[in-house]
Amino acid sequence: MTTPQTASTSKQNISSRLHQDGTRTINVGPMERLISIAGGGALTYYGLRHLSLRGALFALLGGDLVYRGITGHCWLYQVLGVSTAEKLRSTLVRLPDNQGIKVKRTVTINRPAEDLYRFWEDVENMPRFMKYIQEVSRTGENRSHWVAQSPVLGTRLEWDSEVTHSQAPSLIAWRTLNQTSFAHAGTVRFGPAPYGNETTVTLTLEFRQPVGQVGAITEKLLGYIPEQLALEDLRRFKQLMEAAEIAQSESHPSGRSTM
Amino acid sequence: MRVPFADIGPVKIPEGLSDEQVLFISDAFPTGYMGADNCSIQPGQTVAVWGAGAVGLFAMKSAYLLGASRVIAIDRFPERLRVAREQCQTETLNYEDVDVVEELKQMTGGRGPDACIDAVGMEAHSSTIMGVYDKAKQFARLETDRPHVLRQAIQACRKGGTLSIMGVYGGFIDKIPMGAAFNKGLQFRMGQMHAQKYTHMLLDRVQRGEVDPSFVITHRMSLQDAPQGYEIFRQKIGNCLRVVFTP
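The listed protein sequences correspond, in order, to chains R and U.
Just so you know, we're using the numbering used here here: the first sequence kicks off at 1 and counts up by one.
Just so you know, we're using the numbering used here here: the second sequence kicks off at 1 and counts up by one.
If you are wondering where the hints come from, they were derived from the structure by calculation, not from laboratory data.
Predicted model only: the values in this text are computed from it and were never measured.
Incorrect hints may appear among the rest.
Claimed, not checked - With a cut-off of at most 27 Å between alpha-carbon atoms, the simulated BS3-like pairs for lysine-lysine come out as follows:
| id | chain 1 | residue 1 | chain 2 | residue 2 |
| --- | --- | --- | --- | --- |
| 1 | U | K135 | U | K159 |
| 2 | U | K135 | R | K87 |
| 3 | R | K238 | R | K131 |
| 4 | U | K197 | U | K12 |
| 5 | U | K175 | R | K87 |
| 6 | R | K104 | U | K184 |
| 7 | R | K238 | U | K184 |
| 8 | R | K131 | R | K104 |
Using the sequences and the hints, build the whole thing.
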């Protein structure tokens, strides 16, 4: 059985992955690269349609921006000693051998671990704080059926999930059973915190979907969605546990925007 | 010979201690110690220290001496971070590899360290756009110091936490997230180290074997080679932390 803890992502192997291609290191971040490619492309197109000195200069500049976006290396940044390249984050890690991504987020909640565990153990509570989960119903002792709205496309997603391991009051682990686009394995840990009755809650989600090299940048960008969602859901869980309600501060008061 | 303030300045060194063991009690050790002392550390607390040079390393040692449960060292030189791990038992973050603020939060249950010590000061290095901004303003004489560490420490520190500044600042700084500092209710403590306040207590600690400050010595040279020694120190040749000259 695959548990979410299998992929070790210690600080040591994080550092060793940097600067892998010597002098031509990547010093431009993934979002900036996409903008560079898009902006450069538009500039080249504009330049080529205007056959003049100015047009030619635009086309050259655009071409350079596209090149900068594709290679991820910017000479100006190198001269200035700047890098906007993405730093390695323990909150969003690519699994070895291109197997997918792992997201990890943590918050401290001012309630004893027992209370938090008991609430999380009842899967039917999930829609109360997980933003895109609409309905969860128990289908067996360890099994449940989940209905969600896709955070990317707004479409309806359904899957079955199974609790693979649980240890009161410190750990619950689960995994999805069928191949949906949201197939994942998850763990929530309730650990001690230094003050009073506080509990440190750590949510780990592992999405094992192999992607090709081409998809690497897109995958990194898409990875921010589960990373952000995990944090938002934990914050909503914190509010619900500490204040028994979730403050609605989003631009859509219903809390169901489609992004 | 005339010795000003001879009743306060000179200190008699107890028997049985070597010169190398007591040398750093004159400056680097009490500076790091005051950095930790400023934090009013309570048992169980986490302290983050920016800069793993001699002062930073002493701040890390002192934080443990004063009861911290966890100390996290931040630098960009892997060798200095190794010294922090091995000599001071800290966890480490290389700020060129990871987003320091995000990682510190992640390591502390989303709260941030209880106290943050700036052992870098006005000549902070940074490879971000803000780093270029500071350098450009410095070049144009619109800013004297580069407060990169200060900005990070304010952003990382937990609500109600303490910022202890031992790295030297000299003049004017820009773009300080004062709103964050104010609304988080941070305490700022800083200043030149108070040598006489700490000297005797640190001598006692060294004598009792609680700490041996000589671990920061990386180079030993004769006084004649002093110019070369300063060059080694400035360029951080051979992972230099401290050069000790003997006549």
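Results for each hint:
no.	hint	verdict
1	U/K135 - U/K159	violated (30 Å)
2	U/K135 - R/K87	holds (22 Å)
3	R/K238 - R/K131	holds (13 Å)
4	U/K197 - U/K12	holds (15 Å)
5	U/K175 - R/K87	holds (23 Å)
6	R/K104 - U/K184	holds (25 Å)
7	R/K238 - U/K184	holds (19 Å)
8	R/K131 - R/K104	holds (17 Å)
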